[in-house]
Amino acid sequence: MTEQKKKTTIILFSGDYDKAMAAYIIANGAAAYDHEVIIFHTFWGLNALRKDEPLALKKGLLEKMFAKMMPRGSDKMGLSNMNFAGMGPKMIKHVMKKHNAMTLPQLIEMAQEQDVKLIACTMTMDLLGLQQEELLDGIEYAGVAAYLADAEEGNVNLFI
Amino acid sequence: MTEQKKKTTIILFSGDYDKAMAAYIIANGAAAYDHEVIIFHTFWGLNALRKDEPLALKKGLLEKMFAKMMPRGSDKMGLSNMNFAGMGPKMIKHVMKKHNAMTLPQLIEMAQEQDVKLIACTMTMDLLGLQQEELLDGIEYAGVAAYLADAEEGNVNLFI
Amino acid sequence: MTEQKKKTTIILFSGDYDKAMAAYIIANGAAAYDHEVIIFHTFWGLNALRKDEPLALKKGLLEKMFAKMMPRGSDKMGLSNMNFAGMGPKMIKHVMKKHNAMTLPQLIEMAQEQDVKLIACTMTMDLLGLQQEELLDGIEYAGVAAYLADAEEGNVNLFI
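As given, the protein sequences belong to chains Y, D and A, one line each in that order.
Residue numbers 373 to 532, in the numbering used here, belong to the letters of the first sequence in order.
Residue numbers 373 to 532, in the numbering used here, belong to the letters of the second sequence in order.
Residue numbers 373 to 532, in the numbering used here, belong to the letters of the third sequence in order.
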């Protein structure tokens, strides 16, 4: 009899650089331990999946405002703590470089290489006016029902 | 042999409109999938359960200050991100209306209709000086022991 | 046949007094219910484990800055909400005293007495420049692999 693969699911709600780092470090660790891993990006967590170039897309006024005000991609996100108007992320990135730690964009790339399933929540994409063209390639699109189907079989389920 | 119902428990610690929305969307989704669902409201998450009218209650000075400073009910809560002194919630609510998305008060009502068990943490009610008269009807009152009894059997346990 | 002990794991990522209180109240409750309990302190959550006296340690400039800017120990941490430049924690502590509620340092002490395993994340210690001499005695040091080994068997796994 073959053993069922262990499963880790993470809801990434936060748009903070440090919280997203924690999410992706756990996800990559779990994938290395042969877990099936899913990160469900919702609300501000969707910003981690944004491409960094601006795109000319048809949007309403509010959607344009959201798009402008939210960080465009994982490298632009702020810290949950000691952000100091952007100084904090610079300090952290400087220290990370010194320690040869992986940056958030590198952690996301590694997750994709390890077949971590990256899902964008379609309901909050609608709310925030985000379109598929603005998000990274190779991700999936789903709603809360898909999340629950995964999580109810999860060994480790986290909300970050 | 009948199968045990799946169980989802959520600790709602946050007093942010968007985080509470996420909690209630997951809860309503899980209830629709026939999970037994419990939301345990603690600390600032208790604000989601406050009635919106002010009540004349006997309170000490600090309790009065907390009662004044904390949002009175789910409709008054701010955002975890891009709050912009209250502009953010208005923008989000405007977009939600446009998309016919449910507001937080509507999500809470739906949860009650679906028999999601809404629990107020008695220990933090004491700390913040909140009394049962100030909270919604039809909720339950319990402490961390009750939460743990539910969570240790939970398929999905989240802290939001 | 002996039944396996239930297990609760908590990642304490946050450096907020109130969130750390919630983590330790759950941990102490679970330990009282005979769960095996692990709190994995990472990022700002490491501040809860700092000793309150300053130590003369060799550090680089950035590490010195982090050490200065971050709260030295659980008693110095701010609130996630209504912090009001430090007024909030004073109010909360005043109310806690009135209600004979345990403070965060007392909750941590109780957890140690109940054999809750307190772990400091070595990767973020490196990043933030924290050294073992600066942290409480009797704690353990590990990385994400150790966390996952515990969590994949956990009945209750939370990220706070």
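Hints are not guaranteed to be accurate.
Said to hold, decoys possible - Example chain D residues on the side facing chain Y (calculated, C-beta under 8 Å, incomplete):
| hint | residue |
| --- | --- |
| 1 | K378 |
| 2 | D390 |
| 3 | N455 |
| 4 | M463 |
| 5 | M474 |
| 6 | T475 |
| 7 | L508 |
| 8 | I511 |
| 9 | Y513 |
| 10 | A514 |
| 11 | F531 |
| 12 | I532 |
These aren't lab readings, by the way, just hints derived from the structure by calculation.
Just so you know, these numbers come straight off a predicted model, no measurement behind them.
Here a beta-carbon is modelled for each residue, glycine too, at the ideal position from N, C-alpha and C.
Worksheet item: Which numbered hints does this structure break?
Response: 3, 5, 6, 7, 8, 9, 10
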